[in-house]
Amino acid sequence: MSTATASATGAVHVMNKRALTLYGLGAAVGLVLFGFLSPGGTASFRLSSSGDAIQLPLLTVPVAAAGWIIAVLLIAGAAYAFWSEKSARRLAGWVPAVFALLFVIGILIWLVGSSRASAISLLSLLTGSLALALPMVYGSLGGVLAERSGVVNIAIEGQLLLGAFAAALGGSLSGSVVGAMVSAAIGGVAVSSLLTLFAVKYRVNQIIVGVVLNVFVSGLTGFLFGTLFSNNSGLNSPPRLPSVAIPGLSEIPILGPLLFDQTALGYLMFVAVGVLWFGLYKTRWGLRVRAVGEHPKAADTVGINVNRTRVLNVLLGGAVAGLGGSFYTLVSVSQFSRDMTAGTGFIALAALIFGRWNPIGAFFASLLFGFATNLQYVLSQAGTDVPSQFLAMLPYVITIFAVAGLVGASRAPAASGQPYVKG
Amino acid sequence: MSPETPSFIDRLRASGAVVSVLAIVAAFIVGGILIAATDEKTTSATTYFFARPLDTLAAAWNAAANSYAAMFRGAVFNYDASTFTAMIKPLTETLTYATPLLTASLGVAVAFRAGLFNIGAQGQLILGAMFATWIGFTLDLAWPVHLLLVILGSILGGALWGGLVGWIKARTGAHEVILTIMLNYVALNLLAYLLNTPVLQRPGSTNPVSPQVNGSAMYPELLGDEFRLHLGFLVAVAATALVWWLMNRSTLGFEIKAVGSNRHAARTAGINTFKVTVLAMVIAGALAGMAGAAQVNGTERFLTESVAASIGFDAITVALLGRSNPIGVFFAALLFGAFRAGGVTMQVATGTPIDIVLVVQSLIVLFIAAPPLVRSIFGLGQRKKRKPRTPGRDAAVAATAGGDK
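In the order they appear, the protein sequences are chains C and L. Sequential numbering of the first sequence, starting at 4, is according to our numbering. Sequential numbering of the second sequence, starting at 933, is according to our numbering.
Note that these hints are calculated values from the structure, not bench results. A few of these clues could be false.
Unchecked claim - Just so you have them, the derived chain C footprint on chain L, three or more residues with Cβ under 8 Å:
(1) 1099-1112
(2) 1208-1222
To be verified - Some chain L residues near chain C, calculated using beta-carbon distances under 10 Å:
(3) T975
(4) F1049
(5) S1137
(6) V1141
To be verified - From the structure, some residues in chain L lie toward chain C, with a derived Cβ separation under 8 Å:
(7) P1152
(8) L1154
(9) L1155
(10) P1285
(11) A1302
(12) I1309
All figures in this text were calculated on a predicted structure; none of them were measured in a lab. We treat Cβ as the ideally placed atom computed from N, Cα and C, and that holds for glycine.
Could you build the full structure based on these sequences and the hints that come with them?
Structural data, given as structure tokens:
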């Protein structure tokens, strides 16, 4: 991920003070919260559900001891970051990832230790996170495609919502899940074509178009929901997308049910992340797209059609995001309802920035947001003294810290948001 | 038409006002088509369209006309009502809905002028409303003093939330769009939390509802008990005048506009861009916070999680429609207030979902942002091609959403 960023920006990754502050802060919070303020006792995690072929024992962790170990590791990580800054070494890409993972594990153990439940099912925590992250991943991939070519896509929310709506309508009309998914993609493309019409052809400020398109889609789908769908409920009863377990692989404890018992949308998500990463960084097409996003004039000079590249990318991004929207009406709920995406598109936007405009980064950032959101649900069921609203706040606060600190090391495609006028 | 002196028609074509009016007309036409297309009578008439095509057209026209007539009755003047009070009540409802929208939109507009895209009016409004509510029910003071404190509190709450964005933006260069979106969610969760703790929860209640604010903390009604219109409207009008003065007559306003049009040039000219960025967001937040007081201490009387409704998001559209010009924003807020008031009546009277209002509103802004599209829809033809200037100017107007000043 970091090598990709370096090659994308063409600059050597230089640690900045804000990132160091973040390491320091993480270590300090770890020491105080996990160490000194440890609730003590034990935290138990169920690793397998009752129906599994292979039963794993309950994983029980002494909270205080685990907290201290993690705190020490975090301090070591922060010290390593400071040391590499001091000796002007380049910090390996895995350091921030491991640091963040340790921090998340620490928080998890701390929260479970302070909750009243005897054990938390790790599997349902993880599968729930993946399910919540899925539309976010699609949305942020759609955003990556648009922004890499230099068009800011605030309309992800609208693309998801129209995708969800179109999947319900197309699925009900055609009676097939394929029809539903194709309609969802077309729905996303429809939003994208409006975005390109105004942003590329009429050169209206892209952020403004995006914001207004979100309002437009919300109004349009809400209106059609209140008229078309309420008059004929048959139009709002799409087929469900079934989960397909891969024989053998799905029997692996934890990983099996998590990764190999998915719907088609779930499998497609992993494929899409990989294909987009490969496409953007390893193919001629990707090089051209990034050139258009970074320096459209240079791209134009060597014969790349800037505006056509942008239009195609935004349309493709719309298809990806729209497809993600179909998750709402085909998997999570079986019918469309007003504003059912509930702001996921905006979080996807944050995820793509958090993930540094990189498909893989956006994927992991979405997972983090999905995890934080699901943690709140799981813990409020388990009964914890930490108010659920603060857990709900967590992903947003993390994002604020991230855009204020970590992303300082990275940057948006240079021409993002600027219309290109030839001449 | 001689090419040297542009004729009246030419000047009319080039004028922004005409484009604005046509944009509104076009948006209403599209909305009308949507209403007609989903109307049951229309769809049943289309089954024999080829036998009697006029039936379909008549049904379509009726559907759209009835909805829009109901909207007019709800927003401007109810010609069906029996008493004079009931007749003019819609207009006062429009002004009541416009009150919080006006100040919130002014906030978005000021930020626009500084080149900042403030999507956070929602969160700033929530913070303002929390402060206003808390001061409103805990303190026990005489009327004008108490209300004044409430207003100051709402300004402080919003200014804190807006200023935080400005500070992080100026300090680290983080994108304000992301910051404000995230802070909206943080504010919403903070509100939900405080409404479930003794700080803001009504004693003895298990619902997330605050106590009623004291009478001395309320904006008095302007036209008696029959109408909801309250003093907050006049305060909002005063705020509009103040923002006009700020943007057009004060040094700070000049600096805000300078930073908004070119940050680097402004810095080179010796303007403290750090200070201007923070102050612009503080002012933006303060204005949005005032909208919170207008909601709680003007109409609602107590605080709930849905205090902000969609005001903060509507404010963005209003600021765009008003081209971030205080006077333009004033009229745009009235228009959107009318949409809201009329939409409610329309939904009750004809069953047309209020969501159509969102469609029309967003189309208006889209059309206004792309004058060439509106001109081609109405066959007005393109303006003479002056390539280097025309697109650049339109883009710049849309980008900073500033007026022509």
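Note to self: Checking each numbered hint in turn, tell me which of them this model violates, lowest number first.
What the structure shows: 2, 5, 6, 7, 8, 9 and 12
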